[in-house]
Amino acid sequence: ETGVTQSPTHLIKTRGQQVTLRCSSQSGHNTVSWYQQALGQGPQFIFQYYREEENGRGNFPPRFSGLQFPNYSSELNVNALELDDSALYLCASSLRQGGLAKNIQYFGAGTRLSVL
Amino acid sequence: AQSVAQPEDQVNVAEGNPLTVKCTYSVSGNPYLFWYVQYPNRGLQFLLKYITGDNLVKGSYGFEAEFNKSQTSFHLKKPSALVSDSALYFCAVRDSGSGGYQKVTFGTGTKLQVIP
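As you go down the protein sequences, you meet chains A and B in turn. Residues 1000 to 1115, numbered by this note's numbering, are exactly what the first sequence covers, in order. Residues 50 to 165, numbered by this note's numbering, are exactly what the second sequence covers, in order.
Hints in this document: simulated from the structure, not taken from any laboratory. As the structure is a prediction and not an experimental result, all values here were calculated from the model. The C-beta atom is built at its ideal place from N, Cα and C for all residues, glycine as well. Hints may contain errors.
Said to hold, decoys possible - Pair ranges (Cβ atoms, derived):
1) G102(B) <-> L1010(A): 41 to 49 Å
2) S1026(A) <-> E57(B): 31 to 39 Å
3) Y88(B) <-> G1057(A): 20 to 28 Å
4) D58(B) <-> P1069(A): 38 to 46 Å
5) Y88(B) <-> D1083(A): 20 to 28 Å
6) D1083(A) <-> D103(B): 38 to 46 Å
7) P1060(A) <-> K160(B): 44 to 52 Å
8) P128(B) <-> N1076(A): 39 to 47 Å
Said to hold, decoys possible - Non-contacting residues of chain A with respect to chain B, defined by C-beta distances greater than 10 Å in every case (computed):
9) R1014
10) S1032
11) F1044
12) Q1047
13) D1084
To be verified - Stretches of chain B that chain A covers, calculated by requiring three or more beta carbons in the stretch to come under 8 Å of a beta carbon on chain A:
14) 84-98
15) 152-165
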């Protein structure tokens, strides 16, 4: 086990609703990245948080937003859900020291979101 | 822009035989390369990484990978496959020059099927 926990494990929402997914980082890690993995695809980078600030973003619209808390846990929020948002959402934690990111990301088991 | 290609959707190998899962990459600078494995309904598990140094990298569960800069490849290998190795394998790349920003790009995955 990686020590990264995500909740909930499964979620069903309807189009137009809003959803919040949660992630608890591995102990000692200060950086969190979120990925979307559609069925049959590789994970796609959504964004990364370091010291409670967004540190980089992939090609996702603003309705995907996040937070990182002082204890380095994190949330992913998605507004105005669309059918195509149905996917496995993965959280990954890692350690960044001295301006350089340690390179191994440790993943949680994910939250499977179904949008009907 | 960085990218990863995994040319085989599926690789079948007999138990006890050597296996190879192929990966090629593209980055603007020096690459950081990774292999992850995903079992059904699970998150990604780190197998190994190449940052610098020896071109043959050894990882978890007897896996290794060979970095070839001229061919921009990072193929995953194992001398003797086990049925329990059957899973989805992802190759990933990050540009070493991106500093603290840790956007990692994943391939589309290769399903490994080890036949008893």
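Consistency of the hints with the structure:
Taking the beta carbon of each, G102(B) and L1010(A) are about 43 Å apart, inside 41 to 49 Å as hinted. Between S1026(A) and E57(B) the CB atoms are about 37 Å apart, so this pair conforms to the stated range of 31 to 39 Å. Taken as a hint, the range 20 to 28 Å holds for the pair Y88(B) and G1057(A), whose Cβ atoms sit roughly 25 Å apart. Judged by the Cβ atoms, the range 38 to 46 Å given for D58(B) and P1069(A) holds: they are separated by roughly 43 Å.
Separated by about 25 Å at the C-beta atoms, Y88(B) and D1083(A) satisfy the suggested range of 20 to 28 Å. A C-beta distance of roughly 42 Å is found between D1083(A) and D103(B), which places it inside the suggested range of 38 to 46 Å. Distance hint for P1060(A) and K160(B): a CB-CB separation of about 30 Å, inconsistent with the stated range 44 to 52 Å. A hinted range of 39 to 47 Å for the beta carbons of P128(B) and N1076(A) is consistent with their spacing of about 46 Å.
No beta-carbon of chain B is positioned within 10 Å of the beta-carbon of R1014(A); the least distance is around 25 Å. The Cβ of S1032(A) does not lie farther than 10 Å from every Cβ of chain B; its closest approach is about 7 Å, which violates its non-interface assignment. A beta-carbon of chain B is positioned within 10 Å of the beta-carbon of F1044(A); the least distance is around 5 Å. At roughly 6 Å from the closest C-beta of chain B, the C-beta of Q1047(A) falls inside 10 Å, breaking its exclusion from the interface.
No beta-carbon of chain B is positioned within 10 Å of the beta-carbon of D1084(A); the least distance is around 19 Å. Counting residues of the region 84-98 of chain B whose CB falls under 8 Å from any CB of chain A gives 8; the rule of at least 3 is met. Taking a C-beta to C-beta cut-off of 8 Å, the region 152-165 of chain B contributes 7 residues in contact with chain A, enough for the three needed, and the coverage statement holds.
Of the numbered hints listed earlier, those contradicted by the structure are 7, 10, 11 and 12.
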